[in-house]
Amino acid sequence: MQFHIIGSIVITLLSVIIFAFLSYVYWQNIKPLKSYQKYVLMSLRILSLVFIIFLILDPWFQWSKQIETRANLSIYLDASISMQSQFDFDKIEIGELKSQIDEWSDKNNLDNEWYLFGEDIRGASIRETGSFSDSFTDFSQLPDYMIINNGGQSILITDGQSNRGMEVKDLQFNEDLKIHVIGVGSDQILDDIWIENITIPSQVFVEDSVIIKMTIGYELFAGLSAELIFNLKDKKNLSTPIKIPSGNGFIDVESTFIASQLIGLNQIEVSANIKEFDVENNIDLIDININLHKKGVLLVSGGLSPNTYLIKSLIKELPSHTLTHLYKKNNIEWNLKFNRILEDPTIELIVFDDFPGAIRDASIFQQITQNSLWRNSSKIYFEGPKSNASTGEILSEKLNSNIRITDSINDLKIDFFNELSILKTIDLASIPPSKKQMIWQSDAKNIIYAYTDNSAAVVKDNGFYGVFIQDAHELALSENKNRKSVLKKVFSNLLVHAFTGDENLMKVTSEKQKYMANSAINFNIEKSSMLDDGLVKIFVQAQSGEVVKNIPLSIMETVSPPQFISIPGDYSAIASLETKGGGRIESLPFQFRVIGNLLESNNLFENKNDLQHVAWKNGGTYSDPNHLEVVLSALNSRPKSQLKEYKFSALSTQRYWWVLIILLSIEWFLRKREGLL
238 MQFHIIGSIV
248 ITLLSVIIFA
258 FLSYVYWQNI
268 KPLKSYQKYV
278 LMSLRILSLV
288 FIIFLILDPW
298 FQWSKQIETR
308 ANLSIYLDAS
318 ISMQSQFDFD
328 KIEIGELKSQ
338 IDEWSDKNNL
348 DNEWYLFGED
358 IRGASIRETG
368 SFSDSFTDFS
378 QLPDYMIINN
388 GGQSILITDG
398 QSNRGMEVKD
408 LQFNEDLKIH
418 VIGVGSDQIL
428 DDIWIENITI
438 PSQVFVEDSV
448 IIKMTIGYEL
458 FAGLSAELIF
468 NLKDKKNLST
478 PIKIPSGNGF
488 IDVESTFIAS
498 QLIGLNQIEV
508 SANIKEFDVE
518 NNIDLIDINI
528 NLHKKGVLLV
538 SGGLSPNTYL
548 IKSLIKELPS
558 HTLTHLYKKN
568 NIEWNLKFNR
578 ILEDPTIELI
588 VFDDFPGAIR
598 DASIFQQITQ
608 NSLWRNSSKI
618 YFEGPKSNAS
628 TGEILSEKLN
638 SNIRITDSIN
648 DLKIDFFNEL
658 SILKTIDLAS
668 IPPSKKQMIW
678 QSDAKNIIYA
688 YTDNSAAVVK
698 DNGFYGVFIQ
708 DAHELALSEN
718 KNRKSVLKKV
728 FSNLLVHAFT
738 GDENLMKVTS
748 EKQKYMANSA
758 INFNIEKSSM
768 LDDGLVKIFV
778 QAQSGEVVKN
788 IPLSIMETVS
798 PPQFISIPGD
808 YSAIASLETK
818 GGGRIESLPF
828 QFRVIGNLLE
838 SNNLFENKND
848 LQHVAWKNGG
858 TYSDPNHLEV
868 VLSALNSRPK
878 SQLKEYKFSA
888 LSTQRYWWVL
898 IILLSIEWFL
908 RKREGLL
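My numbering puts the sequence shown at residues 238 to 914.
Be careful, since some hints might not be right.
[As the list claims (entries may be wrong)] Within a straight-line C-alpha distance of at most 25 Å, the following computed DMTMM-like cross-link-like pairs (lysine to aspartate or glutamate) qualify:
#1 Lys480 <-> Glu456
#2 Lys721 <-> Asp652
#3 Lys845 <-> Glu330
#4 Lys531 <-> Glu580
#5 Lys845 <-> Asp375
#6 Lys744 <-> Glu656
#7 Lys650 <-> Asp708
#8 Lys512 <-> Glu580
[Stated by the list, open to error] Distance windows between CB atoms, simulated:
#9 Trp853 <-> Ser483: 42 to 52 Å
#10 Ser362 <-> Ile898: 42 to 52 Å
#11 Glu783 <-> Glu740: 17 to 27 Å
#12 Ser766 <-> Gln378: 39 to 49 Å
#13 Val796 <-> Ser368: 35 to 45 Å
#14 Asn474 <-> Ala871: 23 to 33 Å
#15 Asn503 <-> Glu783: 18 to 28 Å
#16 Ser483 <-> Val785: 33 to 43 Å
If you're looking for bench data, these hints aren't it; they were derived computationally from the structure.
Idealized CB from N, CA, C, for every residue including glycine.
Start from the sequences, fold in the hints, and give me the full structure.
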């Protein structure tokens, strides 16, 4: 025991002397009273003075005592759907298992606490225990949760199947924790093969060579020969033999075909002569667009001019295509047979280079623009040296614009960009002024670029572009003296936009086209460099059309945060871009499928090796439910010995001032009754 005096000894001694003198005086005053009354009063006074002296002295005492407390035990029960079937396999009820553990704990003086984990970790209520309803199992929070509970020893009851977060084998527990494991379910792996992922180009041409890359997953007792079957609509299926080893894992397979062989391909299947527990995952849907021809571009030139060279060089930079250049050799003769070109179904972009150049070109212009084969083709008109009021009248209806001729040639600079356009804003300052006498006027909503006098430089109306820069080649050459031509960039963006269309300027993809329910899905955005910066949103729609996810991305983000979808079904993801000016485009839909979580519903087995590793690595024992005594016998049921310290000081008595008040009050009452006050 430790003893210290914190108060002043001098003040204490003076107080004792003063109190002794006052007590003597007090005794003399009460001496005439009856014997028992004076002794009661004197006793009360002495008790009060002793209490006060104790506070002045302020002593401090400390001593310790060895005590014993009951050992603790935390039990963590996997509450996922699969566990009910696992307990059925082991032919044991969870209620029976819980009773055995609780009875053993009571008998051996252990305090135990039950917890459930799966989608989250929570205390186990009586009603919840035995209700296996969590749709997935996430082990990743267990190590931290066990540290917070500080139970010292724990029992983990699970099948070891993780389908979100970390695998069991990757868990890192605090070294002070002792973890015992009760493994539930069959430890025999059931035969299963499945298609994990398929990588295939979404669009190819019929003469292309196509490589289909596949990842095949397997869990097998023994190696086997399997077959990849490529199901073709209205045609004989194609197949490729593969070898799959025993055990579990993944193999990568590549198959090469000529695109013409894959016309009608709608699904791929992996098949083997084994009895599988589940075959839903053996088939994957395929979406491949096989074009019979490359996109065709028709360039129609009213004559060969410097602008022609500029336009043709930019067309050659477009994605894979076939270029047909139709131009006049003289006022009557063309370089190609015009009627044969009108029969070409591959044309998807028509570029008019200074054509029409005269009234006599109107008939041919009408035949091209009204050709039923090219009804949906994009069209661009580039003004050239031959452009005049007559040709302007021919074009004005198509471009929803009109012209006027000024008295003199003026230098006009392009200085306006319509922010409603989806195209990226470009600094136009380096483009020299253009010499203009024929001025185009158009609705403000149709103008993409404009001159300083508000006349149109570039317009678009119903998929028809008009570019009104007669001296474009000269301006581009003038720019190139000092820097890369901005005007060429403007022309290139217009051609790419017209060639690809809005829906192909942005693409949303993902690593796979098939995901397990509640597994992480990251969507990737591929955006053309010509697009303006703006907010990108990804909308995930169910087959019914209901939007189940709305994922906003910042300007710098190209990959979405992980998304989780719990309901199996077919889904589509569409990327939408809204520019700063309010323009908007959408990508083509990316189709993917979410399948039921096989690990939680069908393919049931115990991950025994990893569970044994967890137990042995953390100083515990592994057992199945039917040999529960193995785990129970390894538990530490000895009471925990603990040294408990006790402290006592004058400060701790301050809460008892009321005792002093009562003593003084009783004394005052007795003295008053005796007439001493």
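Practice problem: Could you say whether the range 33 to 43 Å given as a hint is met by the Cβ separation of Ser483 and Val785? | Solution: holds (40 Å)
Quiz item: Holds or violated: 23 to 33 Å for the Cβ distance of Asn474 and Ala871?
Solution: About 57 Å separates the Cβ atoms of Asn474 and Ala871, which means 23 to 33 Å is violated.
Quiz item: Is 35 to 45 Å a correct range for the gap between the Cβ atoms of Val796 and Ser368?
Solution: holds (38 Å)
Quiz item: Is the distance from the Cβ of Ser362 to the Cβ of Ile898 consistent with 42 to 52 Å?
Solution: holds (50 Å)
Practice problem: For Ser766 and Gln378, compare the CB-CB distance with the range 39 to 49 Å and indicate the outcome. | Solution: The hint (39 to 49 Å, Cβ to Cβ) holds, given that Ser766 and Gln378 are roughly 42 Å apart.
Self-check item: Pair hint Lys744 and Glu656, alpha-carbon separation not exceeding 25 Å
Solution: Holds, at about 22 Å.
Quiz item: Does the Cβ-Cβ separation between Glu783 and Glu740 fall within 17 to 27 Å?
Solution: Cβ of Glu783 to Cβ of Glu740: about 22 Å, so the range 17 to 27 Å holds.
Quiz item: Holds or violated: are the alpha carbons of Lys531 and Glu580 at most 25 Å from each other?
Solution: holds (15 Å)
Quiz prompt | Distance restraint between Lys480 and Glu456, which requires alpha-carbon spacing of 25 Å or less | solution = holds (13 Å)
Quiz item: Should the hint that Trp853 and Ser483 are 42 to 52 Å apart at their CB atoms be regarded as holding?
Solution: Given range 42 to 52 Å: violated, Cβ gap about 26 Å.
Quiz item: Given the proposed pairing of Lys512 with Glu580, does the C-alpha separation stay at or below 25 Å?
Solution: Violated: Lys512 and Glu580 sit about 55 Å apart, past 25 Å.
Quiz item: Under the criterion that the straight-line Cα-Cα distance not exceed 25 Å, is the pair Lys721, Asp652 satisfied?
Solution: holds (18 Å)
This entry does not satisfy hints 8, 9 and 14, going by the numbered hints stated previously.
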